[in-house]
Amino acid sequence: MRFGLTTDFRNPPGSGKTSAQVYSEIIDAMVFAESLGFDAAYIFEHHFTDDDYVSSPLIAAAAIAARTKRMRVGPDIAILPLYNPVKVAEDGAVLDVISNGRLDFGVGLGYRPEEYAGHGVDINRKGARANEALQIVRRLWQGETVSFHGKHFHIDGARLSPRPVQKPNPPIWVGGFSKIAARRAARYGDGYIGPTNKTMYEMYRTELRGAGKDPNAARVMGGDLWLIVSEDPDRTFAAYAPHLMYWFNSYSKWFEGTDTQPWPPINNAEELRSRHLANVVTPEAAIAMIKQRVSEVPVETYTMMLSPPGIAMSVVAESIELFAKKVMPHFR
Numbered sequence: 009m010r011f012g013l014t015t016d017f018r019n020p021p022g023s024g025k026t027s028a029q030v031y032s033e034i035i036d037a038m039v040f041a042e043s044l045g046f047d048a049a050y051i052f053e054h055h056f057t058d059d060d061y062v063s064s065p066l067i068a069a070a071a072i073a074a075r076t077k078r079m080r081v082g083p084d085i086a087i088l089p090l091y092n093p094v095k096v097a098e099d100g101a102v103l104d105v106i107s108n109g110r111l112d113f114g115v116g117l118g119y120r121p122e123e124y125a126g127h128g129v130d131i132n133r134k135g136a137r138a139n140e141a142l143q144i145v146r147r148l149w150q151g152e153t154v155s156f157h158g159k160h161f162h163i164d165g166a167r168l169s170p171r172p173v174q175k176p177n178p179p180i181w182v183g184g185f186s187k188i189a190a191r192r193a194a195r196y197g198d199g200y201i202g203p204t205n206k207t208m209y210e211m212y213r214t215e216l217r218g219a220g221k222d223p224n225a226a227r228v229m230g231g232d233l234w235l236i237v238s239e240d241p242d243r244t245f246a247a248y249a250p251h252l253m254y255w256f257n258s259y260s261k262w263f264e265g266t267d268t269q270p271w272p273p274i275n276n277a278e279e280l281r282s283r284h285l286a287n288v289v290t291p292e293a294a295i296a297m298i299k300q301r302v303s304e305v306p307v308e309t310y311t312m313m314l315s316p317p318g319i320a321m322s323v324v325a326e327s328i329e330l331f332a333k334k335v336m337p338h339f340r
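Mapped onto this note's numbering, the consecutive letters of the sequence shown carry residue numbers 9 to 340.
What the hints contain is simulated information worked out from the structure, not anything from laboratory work. All of these numbers come straight from a predicted model, not from anything done at the bench. Take the hints with a grain of salt, since some may be wrong.
Said to hold, decoys possible - In the DSBU-like style, the derived pairs of lysine-lysine whose C-alpha atoms are separated by at most 30 Å in a straight line are:
| no. | residue 1 | residue 2 |
| --- | --- | --- |
| 1 | K221 | K95 |
| 2 | K25 | K77 |
| 3 | K175 | K134 |
| 4 | K187 | K95 |
| 5 | K333 | K206 |
| 6 | K221 | K175 |
| 7 | K175 | K159 |
| 8 | K77 | K95 |
All chains, please: the whole structure from these sequences, using the hints.
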């Protein structure tokens, strides 16, 4: 099993740092993580935030690729319906060349209306746009000269130069938390990024079967957003708690006034524990958690967040080093 770290490059107001400093620190942390044995660095995507949330995951992944030799890199996820698929395919191909064949291309639909409005795209058509875009990107990466006339994209004679290093194409991972997402992953993807529970895994296998593919070849990526290891969990929890609260509450604000809020606002640090939103545990407890997770779902790459916004990277380095030394060897 491989292990990957995800990041959003956020710089919360009042941090005292420039975004250039934060981005540099996170890239340095990913280089350090590679030296520890981590296998992948994946980038989130959002737009129009107040904390410089990374809005171009392929560019951020290219910066990490240029500093590393072995780690797989890519978006987790890119909000594909926002973009022209030919340009996405071109940028992804260049990233695969820069990294010498290390791109994992994670895509999803997103959910924030303001992101769609700001890009001039109808959010009600996001699924259909994604389905067409996924077909176009794959065909371009496989070397076709593509003409495509769908409901949302009209393309004549597009082809890639340079082409990706990976053949037939860089892996396309489709993310989501619903049956429709699992179906999209089965039909148009090479793997699924989703909840690592048995119900969703079996749903994905069923959709693979329906798409005429081998369900026993299912590829799944996922894990725990916040799994933080420490020999002194109480001390480490105290260091992480205010930054984790910022992370959870900023997402909660995006869903105010809707019926899809993933969690109510967090009022104090102890709610992180009582509501089981963040796991700050010993290496032994982390091993047990991961073993339980992968006993239900054969995860190919187990992912977790690198760091919450604003935390000192020295604290993060201590945790990921401990994870690499005491947890990862149990799954190699």
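Comparing the hints with the structure gives:
no.: 1; hint: K221 with K95; verdict: 29 Å, holds
no.: 2; hint: K25 with K77; verdict: 28 Å, holds
no.: 3; hint: K175 with K134; verdict: 28 Å, holds
no.: 4; hint: K187 with K95; verdict: 29 Å, holds
no.: 5; hint: K333 with K206; verdict: 29 Å, holds
no.: 6; hint: K221 with K175; verdict: 19 Å, holds
no.: 7; hint: K175 with K159; verdict: 29 Å, holds
no.: 8; hint: K77 with K95; verdict: 26 Å, holds
Violated hints are absent here; each numbered hint is respected by the structure.
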